[in-house]
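Student: This is what each chain is made of:
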Amino acid sequence: MILSCIVGSGSISVSDSLKVLLSPIFETNTDQINQGISYIIFNIRIPRTLFAALAGAGLSVCGLAFQSIFRNPLSDPYILGVSSGASLGATLAIVLGMESFFLGISGMSFIFAFLSIFIIIKIASYGNRIHTTTLLLAGISINFLASAFISLLMILNQEQIEKIVFWTMGSLSNISYNSLVGVSIAVVIGVLCITYNARSLNALLIDSQTAKSLGVNVERTKRIILLICTLMVALIVSESGVIGFIGLVVPHIVRLIVGSDNRKMIPFSILGGMIFMISSDIISRTLMPPSEIPVGSVTALIGSPFFIYLLFNAKKRLNQ
Amino acid sequence: MIQVKNLTYTIGQKEILRNINFQIEKGKIYGILGTNGSGKSTLLKALSRINPVKNGTIFIDKKDINSYSAKKLAQTIAVVPQQTNLMFDFSALQIALMGRIPYQKPLYSDSKEDFQIVKQAMQRTNTWHLRDMNAKNLSGGEFQRLIIARALSQQTPLLMLDEPVSSLDIRHQFDIMNLLKEINTQTSATILIIIHDLNLAMKYCDEVILLNKGDLVAKGLSKQVLTQENISTHFGIKVHINQDYLQILG
Numbered sequence: 001m002i003l004s005c006i007v008g009s010g011s012i013s014v015s016d017s018l019k020v021l022l023s024p025i026f027e028t029n030t031d032q033i034n035q036g037i038s039y040i041i042f043n044i045r046i047p048r049t050l051f052a053a054l055a056g057a058g059l060s061v062c063g064l065a066f067q068s069i070f071r072n073p074l075s076d077p078y079i080l081g082v083s084s085g086a087s088l089g090a091t092l093a094i095v096l097g098m099e100s101f102f103l104g105i106s107g108m109s110f111i112f113a114f115l116s117i118f119i120i121i122k123i124a125s126y127g128n129r130i131h132t133t134t135l136l137l138a139g140i141s142i143n144f145l146a147s148a149f150i151s152l153l154m155i156l157n158q159e160q161i162e163k164i165v166f167w168t169m170g171s172l173s174n175i176s177y178n179s180l181v182g183v184s185i186a187v188v189i190g191v192l193c194i195t196y197n198a199r200s201l202n203a204l205l206i207d208s209q210t211a212k213s214l215g216v217n218v219e220r221t222k223r224i225i226l227l228i229c230t231l232m233v234a235l236i237v238s239e240s241g242v243i244g245f246i247g248l249v250v251p252h253i254v255r256l257i258v259g260s261d262n263r264k265m266i267p268f269s270i271l272g273g274m275i276f277m278i279s280s281d282i283i284s285r286t287l288m289p290p291s292e293i294p295v296g297s298v299t300a301l302i303g304s305p306f307f308i309y310l311l312f313n314a315k316k317r318l319n320q
Numbered sequence: 001m002i003q004v005k006n007l008t009y010t011i012g013q014k015e016i017l018r019n020i021n022f023q024i025e026k027g028k029i030y031g032i033l034g035t036n037g038s039g040k041s042t043l044l045k046a047l048s049r050i051n052p053v054k055n056g057t058i059f060i061d062k063k064d065i066n067s068y069s070a071k072k073l074a075q076t077i078a079v080v081p082q083q084t085n086l087m088f089d090f091s092a093l094q095i096a097l098m099g100r101i102p103y104q105k106p107l108y109s110d111s112k113e114d115f116q117i118v119k120q121a122m123q124r125t126n127t128w129h130l131r132d133m134n135a136k137n138l139s140g141g142e143f144q145r146l147i148i149a150r151a152l153s154q155q156t157p158l159l160m161l162d163e164p165v166s167s168l169d170i171r172h173q174f175d176i177m178n179l180l181k182e183i184n185t186q187t188s189a190t191i192l193i194i195i196h197d198l199n200l201a202m203k204y205c206d207e208v209i210l211l212n213k214g215d216l217v218a219k220g221l222s223k224q225v226l227t228q229e230n231i232s233t234h235f236g237i238k239v240h241i242n243q244d245y246l247q248i249l250g
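Keeping their order, the protein sequence lines are chains A and B. Numbering-wise, the first sequence is residues 1 to 320 according to my numbering. Numbering-wise, the second sequence is residues 1 to 250 according to my numbering.
Here chain A stands alone, though its shape is the one from the complex (with noise of 0.2 Å):
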């Protein structure tokens, strides 16, 4: 996290960096260095590591979630077309001059996201049981469809073309403490809210009929997941836009080492998602200075092979 703070794309140094960033604990003079290094720090590095770091959890403690409910290793809010939702809601929020409302953005990014997962639940159901593979391709589907119409407003509101990509894109840039605020209390509560049913989405993990029989209200808990990772998602896209695969890649290494069960994975999967968000920040503002590569970029970069690549091992198991 100091990491984070520290390096930038802005041509400061890291010994000033690191004075400005101590100075309120050892009162070291900073008045030689500029006063506009010690804003940059203050106000736009250290919100967005803070911002990086909550959105790191929350994604990747949804995807754990939505891995759990769906019981598919393959489900994460990216990939399900929730966080596509919640882009096509901020865009429209956008375009529609919704920006200065109370929640207008973040509203409508809810309001779409949870559409999306409600299509998609409603196309992969049979009956009480949803197929998982119909699953998977719906959310692809949302997640072109979703795309599609944000190109659309792209095209009609060439003004604004800018701050639409912004969200199609997934970038830290644009983060203040302002943006903090809500983040932090629906991560902080959805982390709660899954921790307290990590039981029950063990017993989910093996299948709902076993959940159903051990005295899991199956339907009530996967209710109430679905609601608040929605919100955790919408929420963080609201911010930073798109963000992919997070929700996928932290899980599953996480899975790797200290095994399935949920309660062990929660917390590793919140500090794994905080590591993985905020390196890939750095390098996303690192990389090409002066110019940065949108931070949704870099998550893909890792994840798509690493969806590649899980997608082969699910085939092998099938050949097995």
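One thing to keep in mind: the hints can contain errors.
[To be verified] Derived lysine to any residue pairs resembling SDA-like cross-links, with alpha carbons at most 25 Å apart:
(1) A:K264 with B:I117
(2) B:K112 with B:D89
(3) B:K72 with B:D89
(4) B:K71 with A:R71
(5) A:K264 with B:K14
(6) A:K122 with B:K14
[Said to hold, decoys possible] Far from chain A by the CB rule (all over 12 Å, computed), these chain B residues:
(7) Q3
(8) N6
(9) G220
Everything labelled a hint here was simulated from the structure, so no lab data went into it. Glycine included, C-beta positions come from ideal geometry on N, C-alpha and C.
Given chain A's structure and the hints, the job is docking chain B onto it.
Tutor: Showing chain B alone in chain A's frame:
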């Protein structure tokens, strides 16, 4: 223990179970028999509320099954499903420990008592030595015994098993049936088993329930229901029965 009144179960337009009425007494082993598609699994899922019924009523201990909370029901009925397809890696011990979920509070970790109960259940089913193995790597018989250990950990007066021996070789079939008999005599648990093997049913079940195309066609002591005539009408095969042994003639 269980009373079923006018139970009808439909999926879409199709009636899977038609106006079923019967009673289950405490402490006995019941076999549910019938050809494929006769509604056996549907009946078991209705009795365990995995598929809730809309037409008809089921009383468990004189209380309507729908008035039970999910936890309370899981403390009353344990189910061994026909198939469990594991997608994720769990150790055998972790799977068995899930049998304690109906008694556990969220956020609390597994207590010593939970471990003790699960250990006993696993020892009884001869799976304790497998506790650290990945449950995916267990053989069919071992896995079936593990799922029974999980059901035993639920410490319920009722145990329902959907074809627990169908995929096993003859040695393991007997092991499982002997185990169930032992549980039945030691804990006086009431046991319902869906079973295809008529000889095993005859040998181990106190009573059998015979289903045919959604109708309950016979219920009673195994020997009285599993007659040459009933088997020929409802299974369409000729058999010869000498005492406890049933010989298939074709």
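Student: Of the numbered hints stated previously, which ones are contradicted by the structure, given in increasing order?
Tutor: Failing hints, ascending: 3 and 5.
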